[in-house]
Amino acid sequence: MEKIYWQSIENYKEIQKEGVASNEKTPEFAIKGLDESELKGKSSRRDFLKMMGFSVSAVALVSSCQMPVRKAIPLLNRPKDLIPGVPNFYASTFFDGDEFCSVLVKTRESRPIKIEGNELCPLSQSGTTARVQASVLNLYDDARLKNPLKNSEKTDWKSLDKEVTKKLNGFKDMGKEVIFMTSTIISPTTTKLIGEFIQKFPNVKWLQYDSVPMSSIREANKKNFNKAIIPFYNFDKADVIVGFNADFLGTWLLPVTFSKQFSKRRKLSKSQNNMSRFYQFETNMSMTGSNADYRYQIRPSEESAVLLKLYNVLSEKLNSVSYSAPKVDIKVDKVANDLLNSKGKSLVVSGTNDLKIQLIVNAINNLLGNYGKTIDLSKPINLKQGDEKDMMAAISSMESGKASGIIFYNVNPVYDCVHADMFAKSIKNLDLKISFSPILDETSKLCDYVCPDNNYLESWNDAEPVAGYLSVVQPTIRPIFNTRQAQDSLLSWMGEDIKFSDYLENNWKSNFFKRQKEYSSFDKFWFSTKQNGVYRLSEKVNKNFKFKVTKLSADKPQKSSIELALYESVSMGSGRYANNPWLQELPDPVTTATWDNYVTISLSQAKEMGLKQEDVVKVNGKVELPVLLQPGQTPGTIGIAVGYGHHSAGKVGNGIGKNVYELSNITSGRKNLNGTNINILKTDKTYSLALTQTHHVMEGRPIVRETDLSSYRKDPASGNEMHQEFIKNEDLSLYPKPEFAGFRWGMSIDLNSCTGCNNCIVSCQAENNVAVVGKEQVKNGRIMHWLRVDRYYSDMAENPAVFRMPVMCQQCDNAPCENVCPVGALTHSEEGLSQVAYNRCIGTRYCMNNCPYKVRRFNWYEYVNNNSFDYNLNSELGKLVLNPDVTVRQRGVVEKCTYCVQRIQEKKLTAKADDRELKDGEVKTACQQSCPTDAIQFGNLLEKNSKVNKTNDTERMYHLLESLHTVPTTSYLTKVRNINA
Amino acid sequence: MYNAKIRGVLIEGDKTYADISSDVTRPMLIDKTPVWWWVASFVASAMLVWGVWGFYNTIVNGIGTWGNNNSVSWGWAIINFVWWIGIGHAGTAFSIFLLVLHQKWRTSINRAAEAMTIFAVAAAGMFPLIHMGRIWDGFFIFPYPNTRGPLWDNFNSPLFWDVMAISTYLTASFVFWYIGMIPDFATIRERTVSKIKKKVYGILSFGWVGSARGWLRFESAALLMGGLAAPLVVSVHSIVATDFAAGVLPGWHSTIFPPFFVVGAIFSGFAMVMTLMIIVRKVFHYEQYVTKGHLDAIARVLTFVSLIMGVAYIIEIFVAWYSDNPYEMYIFFHNRATGPYAFEYWAMVAFNAIVPQLFWFKKIRSNITVVFIISILINIGMWYERYVIVVTSLSKTFLPATWHSYSPSVTEIAVFVGTIGFFILGILMFMKFLPMMAISELKGILKETGAHDKPDFRDVLKAKKKNKK
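First to last, the protein sequences are chains X and W. The first sequence begins at 1 in our numbering and counts up one residue at a time. The second sequence begins at 1 in our numbering and counts up one residue at a time.
What the hints contain is simulated information worked out from the structure, not anything from laboratory work. One thing to keep in mind: the hints can contain errors.
[Said to hold, decoys possible] Here chain X is said to cover these stretches of chain W; the calculated rule only asks that three of the stretch's residues, wherever they fall, bring their Cβ under 8 Å from a Cβ of chain X:
hint: 1; region: 62–69
hint: 2; region: 142–156
hint: 3; region: 235–249
[Stated by the list, open to error] Partial pick of chain X residues on the chain W-facing surface, computed with a CB cut under 8 Å:
hint: 4; residue: Arg701
hint: 5; residue: Pro822
hint: 6; residue: Ile842
hint: 7; residue: Glu862
[Said to hold, decoys possible] Ranges of calculated distance between the beta carbons of each label pair, as one might list FRET restraints:
hint: 8; chain 1: W; residue 1: Leu151; chain 2: X; residue 2: Glu624; range: 53 to 59 Å
hint: 9; chain 1: W; residue 1: Lys363; chain 2: X; residue 2: Asn729; range: 54 to 60 Å
hint: 10; chain 1: X; residue 1: Glu721; chain 2: W; residue 2: Gly149; range: 46 to 52 Å
hint: 11; chain 1: W; residue 1: Phe318; chain 2: X; residue 2: Lys270; range: 44 to 50 Å
Glycine included, every Cβ here is placed at the ideal spot set by N, Cα and C.
The task is simple: from the sequences and hints, build the whole structure.
Pasting the structure below:
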């Protein structure tokens, strides 16, 4: 211790005192009036209580304010096979009652976001249609019912089941009939289930109903072959195809399969310099007809006469029986000659639901020996099983009081039946009306019970579209709402304690597993079928069919009145997708109109009647629709698309267009879209249409380059001479040529294969989160589609040739857009992609001006979370369809096709992780993947043997507007028509 | 009184130096603000308010409120931008070109022309801003050091050159204008009796005392600024022209554009000066400073420039035909000379190339009303020229499938009217608060060009008043 010295006695005393004091606790610092505890922060019990009271109330206050809920997936227990950011694909099957397609469903974080074609399916062969592509959006439709309903009030499944079972049993005991009205069922297991349901309730009468029926083909085959079937058509085996009002590339039977077959014979290469020739006789200008080499305009009433004339010409040459035929002006010698030259390698089809016509078609095909070759009776198509006679019987049994209940599954007859009003009235008095409709549509609105069916992406099922071609439907997401698959409902009403998924598996085990020899264990069989999505039974089938001759006759053609030809549009089909904004905004492949149906009328007819585009006419005094001048429309006829005019479809589809099913033609009990005699009256009104294209001819510019087959054979560069001229000076430039190492992505589009089905547009829209902008904006020329299919007519004449050209960003190496961006938001990647940095874009739109292809799109408004655009991007549910790999663009930025850069990147990363080189064909753009005609090839231009290079290796190749020297990496192949020069 | 005139009379009415000072400062110091000024200001403000609504609507809801579409993505905004920039050309053209050419008659006009330039360029500058899809990110356009890489602008883009050229031009014009006003501010400061005005003009005059050294510095500063600004007359509008000429579009991709635009800009600028000066001399009774001789001189310049315009139009058509380029030919022969935009095209030709040729006749040149009407027609014609360039080329480019027409929306019209309101309001403010003519420069030419044998200006006024009574 330090020694202390004292200096005096006083001092000593003081020191002593302090020493004593230092033993006491002295505060480190003191402030007068405050006690120590407060200064040092030690709190008393009271303080503690005070503090706690404050903090509890503060927390309560803060937590009662809404805080953003951030959803995240906790991976403490990661679900099997679910890696955030990595997509899972499930093979499944699309079937909506009209159309079949085997699909792969891409799911991200357990939600389906994209439909892809299934390569393994021998029928659809990785192709899809626009409707199939858009079907994923129906899963996220705001109009979907979220609960079962009883008299439009929410109810629960238990009490619903109880009540329905009681009623069904009551009817059974009383022997009262219950009608079970379904769409065509192609599912073998569902058919079996319905059979058991009927066994349990024998009073149930099953009736299949098609809104656009094709029963006459079955009837004709019953007469000719004693089998009521629709045979399988092989368009790829036919050298000459003759179609009569058959939109087989767009909507008729199996459009994807037929497109695949058709395009196979339209491709030209060094090894294949032959292509099929396609004649089309039709009333409206259809998408299919616009691809014809020769197109003839006929009135609906002339169809049977033309066919019979053709038959007579053929039979004369082939020494067969002739029939008396009414006179028609249309010349058929050319067709007849071509048909005779390719006997057994030709195909005649008609899409008209008229027995007379189908009998003549059969007779012609028989005369030409096409059965067993281009037409396969041993592989019947199971679509369109409905028979209108059953429907009429049902209506009469309802009206007579014989039936007291009705169950609707996947049908909406109050909307699409010819006598919709009568039908609605006749079901009103029934004691039990049940609908399985997933939305409150026109029919289910009138029902006591609505048992919302699952979306097909939430369901288990199977399908057999063509005999022996099996396909599975498996769920890709748990039911989003309190809905139940219709099959499960049936099972529970039958009192069966089994789920339909098990029922399905059992059926496969007991049925199909036994009919195959490939797999020894059922688990393996079932697993691989689910994985592949399809299974083909190789069973021996009866191939012996004898043709029974029937007497042929034809109607007398009419000349005086105006005839109506209704048609299914490529986007709306029979009308199931009215609430799907992607399809509503999809331009019609022929008219380029969106968001409406309309009256197509020929130019001469319009002139005669003093009608202008967008004038409103009254059809049969009932339906008011605007006029659209349609080159190629047969004079004296008009065309209207069915599938529009819903009033109970949901926020998007209600009130779009007019319902024209009531104008269908009923002849001898058959519902035929063609041939109603109508009158049209001009009104004073006009109604504006939203067309995506306002100019329809090429003005002599070398845009779509074409030639004919014989010139092509002489010189493959024919029609493309300009390109040969151009490549001589191609490298003349002041600037150094851009160089690439590794990758240079390129695309090749075969204009000869492309049929203009618009599947790519919807596929691109789904993949790239392209916004729907609505009719008003489409009319203003602000559609957002990154990919468009330009359609040109040779001239604005009565029957012009049609050209189509899919145009997306051409990814120019000398991109005119890139150098004008003031902020440098546009860059050229080392792989040849023209890139947009959305974040950097300030929206001067200079790039849009300077793009000669006009493929750049501006976000004129905020399209997301904006209630002015009440489609799918303003609802929590609708936004679930967004692809998380692609940025959703803000208002004020420019966007465009990226060649699906996210797909390129994904595959590159996969290859890198596997430590291997990226294989050719591994990266598939969205438009390419599901193209039903394989018109699009994509790959690395630096790889010599890549598919895209091989496709480009022809004199047919050229670049769009190549004279501008933009050096695009997208190339086109000339269109070759199989016509006699 | 002073020396005899050599070059004809530029200032009439036997003015003294004191007369000039008092005449020019009269509106600021003596006259009560006239009623028409209030009325005009009210109208201009109303226009501006509507314009503010247009701005608001555009910024809040998006460019979708305009009439543009994916094919015609530039419309009125760019037309008006180029139009205003053209009008804004008069200031420098007068101050510098005529200075270099020793045209003394500029002295009574250049101040107003420069003021016009400032407001016109400011009005023009609003368009590129409001035209942006994301105005909140507009600062991206400036090359500022940043942490994004750094991420620079695209120095190859004509739009970037535009930003630089216009901001330089605006700054230079403003500084030149302001420097010229400093001695005049001091004059007002000395003459005013209002304390506030004394203070304000005192600050504005930067403590100008009129010393010999001050004058020396002033002269050299003006000269330097003039020398620096001279190239801008050519650069601004030729760079604006490259916005189009650097594009690939038919009707745009043309080497004639830069000189063609500069000439067009001088044309519209002079026409606007003419319009403005006719109004100013009338309402402020400056007939003796802005004489008929002045207007005659402007009219002669307009006649000559109009000839150049006419030649340019003919050359454009000829080159389109001579090029044998189908796209170019289509634009000129099917979408301009004929077709849906034929009216606009022929209005352009008539107002710019034909109507001004009437100035060959002295009778017309000296009829102020006719001259006034023609000057306005020229401005309309020049607006149509920009309309024709922007809309006809964009509406029908290479692929006919993408052709789309264009018409403006209410919001776009509001924005344009708003900028007109802004311009008029600016000019009115200028008339009220700033000296409309350069006092010192007028004094500088008084000796040689004053009309000294004519009766005094005030006597004339008195006589007029007596006559009225």
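To see whether the hints hold, each was checked on the structure:
1. Residue count for the region 62–69 of chain W with a Cβ under 8 Å from a Cβ of chain X: 6. That meets the three needed, and the coverage hint holds.
2. With 5 residues bearing a CB less than 8 Å from a CB of chain X, the region 142–156 of chain W meets the requirement of three and the coverage assertion stands.
3. Using a Cβ-Cβ cut-off of 8 Å, 5 residues of the region 235–249 of chain W lie near chain X, which meets the minimum of three, so the contact claim holds.
4. Nearest Cβ of chain W to the Cβ of X:Arg701: about 6 Å, under the 8 Å cut. The hint holds.
5. Checking X:Pro822 against chain W: minimum C-beta separation of about 4 Å stays under 8 Å; hint holds.
6. Proximity of X:Ile842 to chain W holds as hinted, the smallest CB-CB distance being about 5 Å (cut-off 8 Å).
7. Because the smallest distance between the Cβ of X:Glu862 and any Cβ of chain W comes to about 6 Å, under 8 Å, the interface hint for this residue holds.
8. Judged by the Cβ atoms, the range 53 to 59 Å given for W:Leu151 and X:Glu624 holds: they are separated by roughly 56 Å.
9. The beta-carbon spacing between W:Lys363 and X:Asn729, approximately 58 Å, falls within the hinted interval of 54 to 60 Å.
10. Checked against the hint of 46 to 52 Å, the C-beta distance between X:Glu721 and W:Gly149 comes to roughly 47 Å, which is consistent with it.
11. As the Cβ distance of W:Phe318 to X:Lys270 is approximately 47 Å, the hint placing it in 44 to 50 Å holds.
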